[in-house]
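**Q** These are the residues of each chain, in order.
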Amino acid sequence: EPEVTQTPSHQVTQMGQEVILRCVPISNHLYFYWYRQILGQKVEFLVSFYNNEISEKSEIFDDQFSVERPDGSNFTLKIRSTKLEDSAMYFCASSFRLGTKNIQYFGAGTRLSVL
Amino acid sequence: QQPVQSPQAVILREGEDAVINCSSSKALYSVHWYRQKHGEAPVFLMILLKGGEQKGHDKISASFNEKKQQSSLYLTASQLSYSGTYFCGTEILGGTSYGKLTFGQGTILTVHP
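Residue numbers (my numbering), protein chains in the order written: chain A, 9 to 123; chain B, 4 to 116.
Don't take every hint at face value.
Straight-line C-alpha distance at most 30 Å; calculated BS3-like pairs for lysine-lysine [to be verified]: (1) B/Lys53 x B/Lys71; (2) B/Lys62 x B/Lys40; (3) B/Lys71 x A/Lys91; (4) B/Lys40 x B/Lys29; (5) B/Lys29 x B/Lys53; (6) B/Lys70 x A/Lys91; (7) B/Lys71 x A/Lys65; (8) A/Lys109 x A/Lys86; (9) A/Lys91 x B/Lys53; (10) B/Lys62 x A/Lys65; (11) A/Lys65 x B/Lys29; (12) B/Lys40 x A/Lys50; (13) B/Lys71 x B/Lys29; (14) A/Lys109 x A/Lys65; (15) A/Lys50 x B/Lys71; (16) B/Lys40 x A/Lys91; (17) B/Lys70 x A/Lys65; (18) B/Lys53 x A/Lys86; (19) B/Lys71 x A/Lys109; (20) B/Lys70 x A/Lys109; (21) B/Lys53 x B/Lys40; (22) A/Lys86 x A/Lys50; (23) A/Lys50 x B/Lys53; (24) B/Lys71 x A/Lys86; (25) A/Lys50 x A/Lys65; (26) A/Lys91 x A/Lys109; (27) A/Lys109 x B/Lys40; (28) B/Lys70 x B/Lys53; (29) B/Lys29 x B/Lys70; (30) A/Lys50 x A/Lys91; (31) A/Lys50 x B/Lys70; (32) A/Lys109 x A/Lys50; (33) A/Lys86 x B/Lys70; (34) A/Lys65 x A/Lys91; (35) B/Lys53 x A/Lys65.
If you're looking for bench data, these hints aren't it; they were derived computationally from the structure.
So here's chain B without its partners, still in its complex pose (with noise of 0.2 Å):
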C-alpha cells in the first residue's frame, strides 16, 4: 500500500518555510525523499533510517518517527529552485533486501517571488 503525503500541493513566496508529510500503514525499514521537476528525474534528497532519524541538507532537513511511520520534510527560507513535486518512497520493514521503493501521490511546491 502506498504511502500518503500532504498536503497534496503548497504554494509559498520566497523565503517562507514548508513541511510535506508522509505517512504509512505499514511499519517502514526507510523512507526516501525525492524532488522532481516538469520533465526530469526524481533527484535523491535524503535517506532516513528507523531509529528515529533527522537530517539536514543546506536548509532542507527531514525527520523520521518510526513509532508513528511518519516522516516529514522541512524546507525553510524557500528559494524558487525548491519548486518541484516532493515524493516520499518507502522501504518496507521486513520486506526484501532488494530495495523496493513504493512512493506516495508527490506534493506539489510552487514557490514566487
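So here's chain A without its partners, still in its complex pose (with noise of 0.2 Å):
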C-alpha cells in the first residue's frame, strides 16, 4: 500500500542551525502538508501546498519556514534557525482530492530535537 516517507526519523540541532525535513508523498497525490505536534499535545497545521505554491499557513509557519517541491517526488520543509521552541514531531501528509472528499495520509514523523 503506498505510503508517505518522510526522513530523517530523527534530527537533533543545535539552536540557530538550519534543519531541512524531507517527505515523499504518495505518488498521485496533489496536496501536500506540513503539520507538527508538540510532546504530549495535538496535531497543528502549518502549511498547505499545492500546484507548486503554499495554498494556506497558519500563524505558526513565520518567515524562518520555508517549503519546496524541487522535484517531482519530494516535498521539504527548511526551518532557516532553529529555536528551542520548534523541537516537535513533524508530520508531512499528502491527499488526492477526489470529489468533496480530501483525505489526508501521514507520514511517521520526524522529531526535531532542538538543543
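Since each chain sits alone in its own frame, please combine them into the complex, following the hints.
**A** Shown next, in the form of C-alpha cells:
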C-alpha cells in the first residue's frame, strides 16, 4: 500500500542551525501538508501546498519556515534558524481530493530536537 | 478555533464500548477521525461530510450532526488494538478548498484485557 515517507526519523540540531525535513508524498497525490505536534499536545497545521505554491499557512509558519517541492517527488520543510521551541514531531501529509473528499495520509514523522 | 473533544481519556476492558465526541463552534464541512499510537503517525479512520453522514468501519463507526456541529466516534466490542489517542480533525465550511485540518486535543483510549 502506498505510504508517505519521511526522513530522517530523528534530527538533532543546535539552536540557530538550519534544518531540512524531507518527505516523499504518495505518488498521485496533489495536495501536500506539514503539521507539527509538540510532545503530548495536539497536531497543529503549519502549511498546505498545491500546484507548486503555498495555498494556506498558519501563524506558526513565519519567515523562518519555507517549503519546496524541488522535483516531482520530494516535498521539504526548511527551518532557517531553529529555536528551542521548534522541538516537535513534524508530520508530512498528502492527499488526492476525490470529489468532495480530501483524505490526508500522514507519514511517520520526523522528531526534531533543538538543543 | 480548535474543536473540543470529550472525554479526555477513557479506560475500557476488552469487549466494552466507548463514545468519543468532537464539537466545533464553527460550521463544518467535514470531520476526519484519526488514531495515533505512541510514537507513530496518525492513521486515518474515516471521513464524514456535512449532510449528517454515519459511517462504519468494522466495529468502529461515526456520525456527524451538522446542526450541532458535532461528530461522535463509536467503538464497539473494543479490542486491545484500539488503544491509542483519537483525534478529530475538522475542515471549516467556507474555508479554502485545500483541506487544512484543525485537530482537537485528543482522547486517550486504553483497553485492558
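**Q** Run every hint past the structure and note whether it holds.
**A** Status of the hints after comparison with the structure:
1. Under the criterion of a C-alpha separation no larger than 30 Å, the hint pairing lysine 53 of chain B with lysine 71 of chain B is consistent with the structure, at around 11 Å.
2. Restraint check for lysine 62 of chain B and lysine 40 of chain B: the C-alpha separation of about 18 Å stays at or below 30 Å, so the hint holds.
3. With a C-alpha separation of about 40 Å, the suggested pair lysine 71 of chain B and lysine 91 of chain A falls outside the 30 Å cut-off, and the hint is violated.
4. For the hint pairing lysine 40 of chain B with lysine 29 of chain B, the CA-to-CA distance comes to about 28 Å; that is within 30 Å, so the pair holds.
5. The straight-line distance between the Cα atoms of lysine 29 of chain B and lysine 53 of chain B is roughly 13 Å, inside the 30 Å bound, and the hint therefore holds.
6. In summary, the hint linking lysine 70 of chain B to lysine 91 of chain A is not supported, as the alpha carbons are separated by about 43 Å, beyond the 30 Å threshold.
7. A hinted pair counts as satisfied when its Cα atoms are at most 30 Å apart, and lysine 71 of chain B with lysine 65 of chain A qualifies at roughly 28 Å.
8. As the CA atoms of lysine 109 of chain A and lysine 86 of chain A are separated by approximately 29 Å, the hinted pair is consistent with the 30 Å bound.
9. Distance check on the hinted pair: lysine 91 of chain A and lysine 53 of chain B sit about 40 Å apart at the alpha-carbon level, beyond 30 Å; violated.
10. A distance of roughly 36 Å separates the Cα atoms of lysine 62 of chain B and lysine 65 of chain A; the hinted pair therefore is violated under the 30 Å criterion.
11. As the CA atoms of lysine 65 of chain A and lysine 29 of chain B are separated by approximately 19 Å, the hinted pair is consistent with the 30 Å bound.
12. Proximity of lysine 40 of chain B to lysine 50 of chain A is assessed by CA-CA distance (about 13 Å); at most 30 Å being required, the pair is judged to hold.
13. A C-alpha spacing of about 10 Å is found between lysine 71 of chain B and lysine 29 of chain B, which places the hinted pair at or below 30 Å, so the restraint holds.
14. Taking the CA atoms of lysine 109 of chain A and lysine 65 of chain A, the gap is about 21 Å. The hint holds against a cut of 30 Å.
15. For the suggested pair lysine 50 of chain A and lysine 71 of chain B, the alpha carbons sit about 23 Å apart, so the restraint of at most 30 Å is met.
16. Proposed proximity of lysine 40 of chain B and lysine 91 of chain A is supported: the alpha carbons are some 27 Å apart, at most 30 Å.
17. Our distance criterion of 30 Å between C-alpha atoms is met by lysine 70 of chain B and lysine 65 of chain A, whose separation comes to about 29 Å.
18. Between lysine 53 of chain B and lysine 86 of chain A the CA atoms are separated by roughly 36 Å; this puts the pair beyond 30 Å, and the hint is violated.
19. For the hint linking lysine 71 of chain B to lysine 109 of chain A, the alpha-carbon distance of about 21 Å falls within 30 Å, and the restraint holds.
20. For the given pair, lysine 70 of chain B sits about 20 Å from lysine 109 of chain A by alpha-carbon distance, which is consistent with the 30 Å threshold.
21. Taking the CA atoms of lysine 53 of chain B and lysine 40 of chain B, the gap is about 28 Å. The hint holds against a cut of 30 Å.
22. With a C-alpha separation of about 22 Å, the suggested pair lysine 86 of chain A and lysine 50 of chain A falls inside the 30 Å cut-off, and the hint holds.
23. Between the alpha carbons of lysine 50 of chain A and lysine 53 of chain B the distance comes to roughly 24 Å, so the proposed pair stays at or under 30 Å and holds.
24. Taking the CA atoms of lysine 71 of chain B and lysine 86 of chain A, the gap is about 40 Å. The hint is violated against a cut of 30 Å.
25. Our distance criterion of 30 Å between C-alpha atoms is met by lysine 50 of chain A and lysine 65 of chain A, whose separation comes to about 17 Å.
26. For the hint linking lysine 91 of chain A to lysine 109 of chain A, the alpha-carbon distance of about 36 Å lies beyond 30 Å, and the restraint is violated.
27. Between lysine 109 of chain A and lysine 40 of chain B, the direct Cα distance comes to roughly 25 Å. Compliance with the 30 Å bound is thereby established for this hinted pair.
28. For the given pair, lysine 70 of chain B sits about 9 Å from lysine 53 of chain B by alpha-carbon distance, which is consistent with the 30 Å threshold.
29. Under the criterion of a C-alpha separation no larger than 30 Å, the hint pairing lysine 29 of chain B with lysine 70 of chain B is consistent with the structure, at around 11 Å.
30. At most 30 Å may separate the alpha-carbon atoms for a hinted pair to count; lysine 50 of chain A and lysine 91 of chain A meet this at roughly 20 Å.
31. A C-alpha spacing of about 26 Å is found between lysine 50 of chain A and lysine 70 of chain B, which places the hinted pair at or below 30 Å, so the restraint holds.
32. For a cut-off of 30 Å, the pair hint linking lysine 109 of chain A to lysine 50 of chain A stands: about 23 Å separates their Cα positions.
33. With a C-alpha separation of about 41 Å, the suggested pair lysine 86 of chain A and lysine 70 of chain B falls outside the 30 Å cut-off, and the hint is violated.
34. A distance of roughly 19 Å separates the Cα atoms of lysine 65 of chain A and lysine 91 of chain A; the hinted pair therefore holds under the 30 Å criterion.
35. Between the alpha carbons of lysine 53 of chain B and lysine 65 of chain A the distance comes to roughly 24 Å, so the proposed pair stays at or under 30 Å and holds.
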